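Order-wise, the sequence lines are chains A and B.
The first sequence maps to residues 1 to 275 in the numbering used here.
The second sequence maps to residues 276 to 550 in the numbering used here.
These are computed hints drawn from the structure, not numbers from a lab.
Just so it is clear, the structure is predicted and the values come from calculations on it, not from any experiment.
Fair warning: there could be bad hints in the mix.
[Claimed, not checked] Computed from the model, here is a short list of chain A residues facing chain B with C-beta under 10 Å:
1. Thr92
2. Pro99
3. Val143
4. Ile160
5. Leu162
6. Ala172
7. Leu176
8. Tyr197
Using N, Cα and C, we set each Cβ at its ideal position, and we do this for glycine too.
2 protein chains.
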Amino acid sequence: MTEWLSLFMEAATTIKEKTKTMFRSAQSGGMGEIGAGGDITHPIDTMAEEIVIRRLQDERIPCVLVSEEAGTRPLNGGGDDYVVLDPIDGTTNAVRHIPFYSTSIAHATGPHLSNVDAGLVMDLHNGTTFSAKKGEGARMNGVETTVSKTTEVEEAIISIELTHLGRVRNVARTLLPLMERSLKLRLLGSTALETAYVASGALDAFIDIRGLTRAVDLAAAAVIVREAGGFIVTPKGEKLDMMLTAPARTSFVASANRQLTAQIIELLKTASAET
Amino acid sequence: MTEWLSLFMEAATTIKEKTKTMFRSAQSGGMGEIGAGGDITHPIDTMAEEIVIRRLQDERIPCVLVSEEAGTRPLNGGGDDYVVLDPIDGTTNAVRHIPFYSTSIAHATGPHLSNVDAGLVMDLHNGTTFSAKKGEGARMNGVETTVSKTTEVEEAIISIELTHLGRVRNVARTLLPLMERSLKLRLLGSTALETAYVASGALDAFIDIRGLTRAVDLAAAAVIVREAGGFIVTPKGEKLDMMLTAPARTSFVASANRQLTAQIIELLKTASAET
Numbered sequence: 001m002t003e004w005l006s007l008f009m010e011a012a013t014t015i016k017e018k019t020k021t022m023f024r025s026a027q028s029g030g031m032g033e034i035g036a037g038g039d040i041t042h043p044i045d046t047m048a049e050e051i052v053i054r055r056l057q058d059e060r061i062p063c064v065l066v067s068e069e070a071g072t073r074p075l076n077g078g079g080d081d082y083v084v085l086d087p088i089d090g091t092t093n094a095v096r097h098i099p100f101y102s103t104s105i106a107h108a109t110g111p112h113l114s115n116v117d118a119g120l121v122m123d124l125h126n127g128t129t130f131s132a133k134k135g136e137g138a139r140m141n142g143v144e145t146t147v148s149k150t151t152e153v154e155e156a157i158i159s160i161e162l163t164h165l166g167r168v169r170n171v172a173r174t175l176l177p178l179m180e181r182s183l184k185l186r187l188l189g190s191t192a193l194e195t196a197y198v199a200s201g202a203l204d205a206f207i208d209i210r211g212l213t214r215a216v217d218l219a220a221a222a223v224i225v226r227e228a229g230g231f232i233v234t235p236k237g238e239k240l241d242m243m244l245t246a247p248a249r250t251s252f253v254a255s256a257n258r259q260l261t262a263q264i265i266e267l268l269k270t271a272s273a274e275t
Numbered sequence: 276m277t278e279w280l281s282l283f284m285e286a287a288t289t290i291k292e293k294t295k296t297m298f299r300s301a302q303s304g305g306m307g308e309i310g311a312g313g314d315i316t317h318p319i320d321t322m323a324e325e326i327v328i329r330r331l332q333d334e335r336i337p338c339v340l341v342s343e344e345a346g347t348r349p350l351n352g353g354g355d356d357y358v359v360l361d362p363i364d365g366t367t368n369a370v371r372h373i374p375f376y377s378t379s380i381a382h383a384t385g386p387h388l389s390n391v392d393a394g395l396v397m398d399l400h401n402g403t404t405f406s407a408k409k410g411e412g413a414r415m416n417g418v419e420t421t422v423s424k425t426t427e428v429e430e431a432i433i434s435i436e437l438t439h440l441g442r443v444r445n446v447a448r449t450l451l452p453l454m455e456r457s458l459k460l461r462l463l464g465s466t467a468l469e470t471a472y473v474a475s476g477a478l479d480a481f482i483d484i485r486g487l488t489r490a491v492d493l494a495a496a497a498v499i500v501r502e503a504g505g506f507i508v509t510p511k512g513e514k515l516d517m518m519l520t521a522p523a524r525t526s527f528v529a530s531a532n533r534q535l536t537a538q539i540i541e542l543l544k545t546a547s548a549e550t
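Could you put together the complete structure from these sequences and hints?
The following block contains the structure:
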């Protein structure tokens with residue numbers, strides 16, 4: 001049986017080293033092309049994706065790869081194992097040398113987010129690694145980690161996504177009551193890493209109500225947050241599931257505990273009612 | 276004559292090392308107290324401030340220290356040299372282990388921002404250092420650095436401050452046109468470091484229209500941005516100056532070039548007119 005987390009750890013470590021080399025030789029910029037998920041693909045995304053593909057091919061692991069760049073692609077004959085990859089989550093940060101970008105890799109036993117049973121998110125700048133296996137808890141750098149105990153929005157540090165507001169209406173207005181009441185806000189630019197931060201208590205919540213989070217961003221971080229004791233729900237507070245495909249998009253709330261989740265959902269509702 | 280930048284570099288390096296030690300021994304949390312600037316003071320802020328004070332005392336440098344924690348304080352008899360310090364800018368990030376916090380130290384020949392003639396901002400997580408001496412250009416890790424060439428808001432990555440919106444009215448509404456038109460938004464949680472990022476082109480602009488930026492946050496980064504070819508103005512596009520005191524607060528726009536600055540100011544005006 002494949003040791004998915006060990007495999008992901010090795011692949012992510014290779015990506016981290018290669019990324020540093022590319023930055024030193026300054027080949028990371030240049031014109032990008034549109035990936036299967038609709039975003040601009042940079043050379044570093046392609047490089048990172050190839051590392052994972054090569055690894056899966058070398059080990060002759062039959063699986064379906066779902067990736068931001070390559071889309072859905074059977075490897076070694078395909079099968080029921082899904083590997084869900086965002087090779088570089090936070091490419092803009094990486095290209096601009098803002099030290100906050102990550103690799104996200106998950107394993108699923110089927111084509112839905114609810115089928116994910118293992119995930120790993122690695123900070124490619126400093127190597128901090130979040131991982132989880134379903135039923136076995138979440139880890140940060142190999143040590144068990146849990147969500148924060150913050151139950152009140154007034155004491156919470158919350159990351160929000162506000163990019164591409166020109167494409168999506170009423171996002172800022174809907175988030176306003178939450179923005180006004182939370183202790184501090186962040187917008188760091190790597191959904192996978194920010195969501196994983198909810199698992200370690202670095203953040204109390206991460207919220208994207210734009211409907212723009214990709215399955216490949218969320219797959220690994222979702223199992224990590226849930227295994228750390230946190231919640232991943234829709235902005236209406238319902239159970240979140242989605243297809244594991246490159247074009248799939250969703251809104252979601254990741255939050256440390258039931259009380260904080262309920263407060264966030266309530267504040268999002270208030271705003272919607274006023275729209 | 277005192278080599279201010281060398282002195283600041285040595286002090287910031289010591290703070291960086293001590294911060295790492297404190298994190299390892301996990302003494303960074305605990306109850307804070309209110310500093311001279313009004314924010315909660317954590318043990319790491321006090322530790323970092325003491326390093327700078329001790330250094331100035333050991334070298335018997337007569338100056339007036341203006342610091343977030345200690346307020347305004349003559350050292351070695353005081354005099355016309357001002358040392359403007361934010362020992363830890365981004366304390367929340369530091370305490371939460373979000374890898375984005377900095378030390379900011381500036382020298383001024385008088386009590387106003389316009390008197391600042393040298394400044395240094397060090398990323399305490401990874402050691403990246405921004406510095407400038409008036410008339411001699413800006414440097415990142417010792418190498419000359421300049422602002423980005425981005426002239427259009429649609430292509431710009433812009434950091435905005437949205438924390439404490441409960442205290443300040445209409446901030447989100449005023450920023451909305453800018454939020455909708457910019458390529459990407461960020462909110463990283465260390466004003467000094469984000470402003471310094473405008474000097475290196477990592478960000479195209481940083482904006483705080485809340486009136487909550489402190490002189491101690493801005494003193495070093497302002498001279499760094501200006502020396503890198505960038506602009507620091509009020510949200511109305513006017514020349515920015517302020518007293519160098521712990522309680523002093525301002526709004527400001529840091530931006531890569533004249534064209535981008537003009538566009539930002541125009542978008543902020545549009546919104547205000549609609550309020």
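Check: Taking the closest Cβ pair, is alanine 172 (chain A) under 10 Å from chain B?
Finding: 6 Å, holds
Checklist line | Minimum beta-carbon distance criterion (10 Å), isoleucine 160 (chain A) to chain B | finding: The hint holds - isoleucine 160 (chain A) has a Cβ within 10 Å of chain B, the shortest such distance being about 8 Å.
Notebook entry, point to check: Given tyrosine 197 (chain A) as an interface hint, is the shortest Cβ-Cβ distance to chain B below 10 Å?
Noted result: Result: holds, 7 Å to nearest chain B Cβ.
Notebook entry, point to check: Hint check: is the beta carbon of proline 99 (chain A) less than 10 Å from a beta carbon of chain B?
Noted result: Interface hint status for proline 99 (chain A): holds (6 Å vs cutoff 10 Å).
Checklist line | Supplied contact hint for leucine 176 (chain A), tested at 10 Å Cβ to chain B | finding: Status holds, d = 6 Å.
Margin query: Given valine 143 (chain A) as an interface hint, is its Cβ closer than 10 Å to any Cβ of chain B?
Written below: For valine 143 (chain A), the interface hint is violated, since the closest Cβ of chain B sits about 13 Å away, which is over 10 Å.
Check: Is the hint on threonine 92 (chain A) kept, meaning its closest Cβ partner in chain B is under 10 Å away?
Finding: Holds, about 6 Å.
Margin query: Does leucine 162 (chain A) hold up as a contact with chain B if the rule is Cβ-Cβ below 10 Å?
Written below: 5 Å, holds
Hint compliance for this structure: hint 3 alone is broken.
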